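So the protein lines, in turn, are chains W and U.
Residue numbers for the first sequence follow the numbering used here, so the first one is 1 and each next one is one higher.
Residue numbers for the second sequence follow the numbering used here, so the first one is 1 and each next one is one higher.
Each hint should be verified, as a subset may be incorrect.
As the list claims (entries may be wrong) - Listed next, the in silico DSBU-like pairs over lysine-lysine satisfying Cα-Cα at most 35 angstroms (straight line):
1. U:19 to W:64
2. U:69 to W:2
3. U:19 to U:160
4. U:160 to W:115
5. W:15 to W:2
6. W:4 to U:38
If you are wondering where the hints come from, they were derived from the structure by calculation, not from laboratory data.
Keep in mind it's a predicted model, so treat the numbers as computed, not measured.
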Amino acid sequence: MKIKVTSLYVDDQDKALRFYTEVLDFAKKTDFSQGPYRWLTVASAEDPNGVELQLALNSNPAAKAYQHAMFQQNQPAVMFFTEDVKGDYEKVKGRGAEFTMPPTDVTGSTIAMLKDTCGNLVQLTQLAKW
Amino acid sequence: MIQGEQYIPRPAYGAQIRKDGDKWTLILVRELRHSPEKVWQALTDPAHLREWAPFDADGNLGTVGSTVKLTTVGAPTPLVSETTVTRADAPNVLEYKWGSFDMRWELEAWAGGTRLTLWTNIGHRFIAMGAAGWHICFDVLDHLLSGTPIGRMVGPAAMKFGGWQRLNAEYAKQFGIESPNWPPQADQKS
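Could you build the full structure based on these sequences and the hints that come with them?
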């Protein structure tokens, strides 16, 4: 068994695809549809065969409630690791992304938080070097 | 029962696409050798839908205002969409949503049978795939109503079927669109 994909609920898959590819520079990996179902994943451009992020439509009440509650509680729905959180913060902010937290030192890492325009908070994490 | 392998769909036909803003609609017309009443039953009765449709219904779709759960058959993760029937003029017009898609069915008496028209929204990228899928579903429906069922072919069963792949390419050509490669892992362009 391998960890190959993790899922993120979004309220609009087209919008999510734009955000994750154009703002965060991920690459579309798989996109197919069956009736109203759409399986859509992106992967890191730096690691195209690495773990995929599924952008899943929040099409059931449990998904909607969970997504909304996590957002309200200021909890990130997903976390990405970077080697340069300050540089990524400037770059992504320059593309119009709305940050709710600028790069901030916490135990073991520096983190920043931004909105993904699809109902989620995304955390960028740079691990501290000891 | 005719074996599925012996079923060879005829070439793509009777389909149009329409664009309204950024919303695309697939329109499919089929002439079936069965009465509108019989076709209506096949479109609304869960026991019939299970034999040919790309979704299962947990209730009858033939009454306005009734709430029915539609389960997409073979979706990679379970997808159940609750719908409310917004129009049911038996045996002529049926309207409801399937997920975010508007579904409109029109049945007209035609030469002792039924001219069936389906309007359904579908993402532009996937419109040829949808047309190919419905094409096969309607053939399965026609066989079912004729008493010579060939078995439901939806989801993975349809996509593995060479006839579906050929139809996908034919509809894409008719519509002048580029359809995604299949299987999807081969489609790695962004």
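Hints, verified against the model:
For the proposed pair residue 19 of chain U and residue 64 of chain W, the alpha carbon gap of about 29 angstroms is at most 35 angstroms, so the pair holds. The suggested pairing of residue 69 of chain U with residue 2 of chain W holds, with an alpha-carbon distance near 34 angstroms, which does not exceed 35 angstroms. With a CA separation close to 29 angstroms, the supplied pair residue 19 of chain U and residue 160 of chain U stays within the 35 angstroms bound. Of the pairs offered as hints, the one joining residue 160 of chain U and residue 115 of chain W is violated, with about 40 angstroms between alpha carbons and a cut-off of 35 angstroms exceeded.
The hinted pair formed by residue 15 of chain W and residue 2 of chain W meets the criterion: a straight-line CA distance of about 29 angstroms does not exceed 35 angstroms. Under the criterion of a C-alpha separation no larger than 35 angstroms, the hint pairing residue 4 of chain W with residue 38 of chain U is inconsistent with the structure, at around 47 angstroms.
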